[in-house]
Amino acid sequence: MKKFLTIIIFLFLLVGCENNLTNNYLGGPHYFDAMGTAVGVTLYDGKEEDLDQIKAIFDLYSQLTTNFRRNEVLPDNPYYGLENIYTINQNAGIKAVEVREELIELIQYALEISDETDGYFNIAIGKAVDIWKSVIEEYIFGEVPTEIYQNALAQVLSLTEIDLTKIIIDEENKTVYLTDNSIKLDLGGISKGYAVQKASEYLVSQGIEKFMINAGTSSISVGIHKENRPFRIGLQDSKQIYENSLLGVLQAQDTHLSIGGNAEQHTFYQGMIIHHIISPFDFQPKNYYTSISLVGDNAGLIDAYSTAVFLMEETQTIEFLDSHGLKYVIYLANDELLTNLDEEEFKKSKLIN
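Each residue of the sequence shown is one higher than the one before, counting from 180 in the working numbering.
Honestly, the hints are just simulated from the structure, not real lab data.
Some hints could be false.
Unchecked claim - Pairs of lysine-lysine, BS3-like flavour, derived with a Cα cap of 27 Å: (1) Lys345 - Lys274; (2) Lys506 - Lys377; (3) Lys526 - Lys506; (4) Lys345 - Lys312; (5) Lys418 - Lys527; (6) Lys312 - Lys526; (7) Lys377 - Lys226; (8) Lys465 - Lys418; (9) Lys529 - Lys506.
Being a predicted model, the structure only gives us computed values, none of them experimental.
Let's have the full structure, built from the sequences with the hints guiding it.
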């Protein structure tokens with residue numbers, strides 16, 4: 180379920196007067212690699228140690244949540260060798276794996292969100308994700324041959340129905356056990372947002388108010404801009420049918436932004452887009468939307484929500500988001516834009532012609 184950016188974000192960070200900045204001004208963005216992407220951190224308050232602490236948070240969750248390899252961090256990293264999603268999957272049907280409490284908390288949180296979204300968010304569909312991902316990687320942005328598509332479809336249709344009760348968590352002994360190998364865990368739909376949330380919570384705990392964390396631009400957390408105004412975040416139009424190739428410009432302050440969509444990783448089959456956001460019900464991608472951008476108070480939560488609602492039909496998506504009090508910009512597959520943000524919060528671009 181690993182989710183990559185579908186809409187590239189262009190950040191309007193205008194150069195302004197530095198008089199209001201603290202002596203601890205670090206500026207930025209400062210980049211480091213984590214979770215398969217470049218994470219950018221801009222600190223207008225804070226110290227070098229704060230930047231180091233943010234990197235440590237991302238290092239920890241990179242190691243804990245990877246399902247591609249045994250280690251996601253380098254051997255000299257203190258988190259190297261920690262048991263993680265990869266080792267849990269490798270031991271499915273064999274034995275329980277002792278993990279850090281942080282990973283147990285994240286898995287439990289993800290399972291709660293699965294219940295809340297009526298199963299649309301599901302961390303146990305890693306096998307289906309892997310099947311489609313292999314097709315996408317081989318034919319990215321190209322046309323998939325019929326034989327390859329039919330073979331992939333047959334594979335996903337042969338998968339058994341996901342039973343989340345097969346994920347056994349022992350809080351006392353801090354273990355996770357998959358009772359058989361019919362399921363494979365994949366936290367890609369929540370891990371980046373969750374790490375962003377933990378990093379922003381750290382900054383707030385240190386009294387740091389002026390910052391931006393940009394986790395590969397699919398999950399963004401902002402405090403207050405250095406000019407004591409909201410950040411201006413432009414949502415780029417991957418289809419380039421809106422003016423300046425932007426869906427519009429969002430005014431954001433003390434909040435989080437998550438974007439899910441199909442532009443970054445996809446291929447085609449007979450006019451259908453095959454992308455990486457997979458339904459847990461029929462194990463196939465859905466094409467109701469080009470992208471969904473959510474604004475909310477918790478980066479991890481809206482990261483998972485953006486995955487879930489991308490798989491719902493339009494009416495169900497709107498009802499879910501409205502019932503949860505979330506702000507949104509929805510880019511429909513038919514090129515229309517839907518938003519509940521007012522004009523001061525989001526200046527919508529015009530369609531070309």
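Structure-based check of all given hints:
no., hint, verdict
1, Lys345 - Lys274, "holds, 13 Å"
2, Lys506 - Lys377, "holds, 21 Å"
3, Lys526 - Lys506, "holds, 14 Å"
4, Lys345 - Lys312, "holds, 24 Å"
5, Lys418 - Lys527, "holds, 15 Å"
6, Lys312 - Lys526, "violated, 35 Å"
7, Lys377 - Lys226, "holds, 18 Å"
8, Lys465 - Lys418, "holds, 18 Å"
9, Lys529 - Lys506, "holds, 20 Å"
Against the hints set out earlier in the document, a violation occurs for number 6 only.
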